[in-house]
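Undergrad: These protein sequence lines map, in sequence, to chains A and B.
Residue numbers are given in this note's numbering: position 62 of the first sequence equals residue 92, and the series is strictly consecutive.
Residue numbers are given in this note's numbering: position 54 of the second sequence equals residue 367, and the series is strictly consecutive.
Quick caveat, the hints were computed from the structure, so don't treat them as lab data.
The structure presented is a predicted model; accordingly, all values stated were derived computationally and were not measured.
Beta carbons: idealized from backbone N, C-alpha and C, even for Gly.
Hints may be right or wrong, so weigh each one.
[Claimed, not checked] One side only, chain A facing chain B, incomplete, derived with CB under 7 Å: (1) M186; (2) V199; (3) P207; (4) A236; (5) Y238; (6) V240; (7) A252.
[Said to hold, decoys possible] Pair ranges (Cβ atoms, derived): (8) R538/B to A73/A: 46 to 56 Å; (9) L515/B to L162/A: 37 to 47 Å; (10) Q355/B to R74/A: 37 to 47 Å; (11) A40/A to R326/B: 52 to 62 Å.
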Amino acid sequence: MPEALRLALAIAGKDIRAELRSRTALLSAVVFAALVLVVFNFARDPTVLAATDLAPSVLWVTFALAAMVALNRAFTIEREHGALDGLLLAPVPRGSLFLGKLLANLAFVGAVEAVTLPLFVLFFNVDLAAALPGIIGVTALATIGFVSVGTIFSAMAVRTRFAELMLPVLLLPFMVPPLIGAVQVTSRLLAGRPLSEMLGWLRLLAVYDVVFVTLCTMAFAAVVDE
Amino acid sequence: MTATDTARALARRGLRISATALVGLAGVYVLALVYTPIEARQGMAQKIFYLHVPAAWCALLAFSLVGITSALYLWLMDPRLDRFAAASAEVGVAFGAVMLTTGPIWAKPIWGTWWTWDARLTLTLFLFFLFIGYLALRASVHDPSERARFSAVVGILGMLLVPFIHLSVYLFRTLHPQPVVLKPSAPSLPPEMLRTLLVSTLVFTLLYVGLVTMRYGLSLAEEARDEAADAAG
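Go ahead and model the full structure; you've got the sequences and the hints to work with.
TA: Take a look at the structure:
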């Protein structure tokens with residue numbers, strides 16, 4: 031197992047290095063997330079609806095859209111110059127390959143989320159201080175689940191026509207349970223509710239992560255191997 | 314017998330079964346309008362039950378079979394399983410459309426609203442979207458073996474998604490009528506209504522079998538055509 035993990039980390043490292051050298055995708059995704067937040071601010075009538083009532087849904091819709099943009103990029107870079115064929119020729123178990131891609135995507139989506147969160151506080155004037163550890167925790171829990179499904183779908187989507195359209199159509203239904211859970215937990219955290227009221231949702235998010243990370247790791251070979 | 318002959322024979326058999334089912338459907342309309350009593354509180358609006366419930370049953374049957382055959386495909390790699398999953402998904406989407414249109418028509422006079430974000434409605438709506446995505450994916454992959462593998466993966470993941478969507482929307486109090494037939498105690502329906510529902514469910518299932526058989530035959534014919542085109546050019 032440590033060998034499989036080492037290989038996964040090597041693949042994730044390669045992706046993160048490639049991303050840090052160009053930075054274009056990361057920057058565009060961050061700018062995209064900021065723009066979504068700005069648009070949301072104009073879509074709301076501040077005299078009718080308090081920012082805190084809308085805040086959890088705004089935050090999570092922004093995260094979901096930004097993740098979609100980020101995931102579209104994951105295998106597009108592998109398609110250019112036949113990079114994926116090179117990667118598949120390497121003596122790496124498919125499970126490790128998937129985990130490596132998943133880790134890189136998580137780092138990428140996590141970075142976008144880390145920039146979006148302060149912008150969200152700034153634009154929507156929400157006091158996060160007390161709830162911050164909880165929000166980081168639930169963000170991690172929800173993100174792992176949908177990024178893992180998104181990673182396997184983006185590997186498929188790049189092989190299709192209309193790749194940029196195919197990923198959201200396939201992935202959005204799979205984002206529903208993590209997003210509902212995350213919005214529910216976030217609004218309870220912002221309202222300062224006790225942990226017992228969120229436990230059911232947190233359990234759902236954790237089970238979702240376990241089921242889909244395991245399943246996607248197993249199914250990845252069927253996607254990339256001819 | 315060539316592949317084209319087999320395809321043609323299957324499509325013809327499917328057509329015969331579907332035609333029989335459509336005649337049966339006319340019979341269901343007669344039964345629903347003449348034989349069954351008018352429900353005391355809902356009036357004539359309740360009659361849609363005899364179409365809505367069997368359509369929902371067929372849609373869910375179709376989607377479950379896509380999930381099962383997808384899992385079997387990745388294990389056995391038998392192209393027949395893939396062809397069946399494709400046919401079942403297409404027919405399932407058609408039945409899903411019937412379910413999702415008859416539902417609101419009934420809900421407007423009875424609930425006073427076309428749509429509500431109730432657990433069961435939300436689940437079936439997302440299943441419907443999921444299978445439209447499944448068909449869109451199939452349509453956009455050219456290589457047959459790649460298409461089969463990709464759609465099998467989506468089919469399996471979709472099957473596992475169902476309990477999660479159900480759990481996550483269940484917390485909103487459900488408005489949907491509770492089951493009246495498939496429940497632990499005896500069905501709480503007058504015998505005429507129950508008989509009509511059973512007949513209708515049989516007719517719809519027959520229609521499902523007919524349409525899937527036709528679609529399967531069509532897939533075979535398409536494959537034979539593509540092979541012939543490859544051989545020629």
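Undergrad: Hint by hint, which ones does the structure fall short of?
TA: Violated: hints 4, 6, 9.
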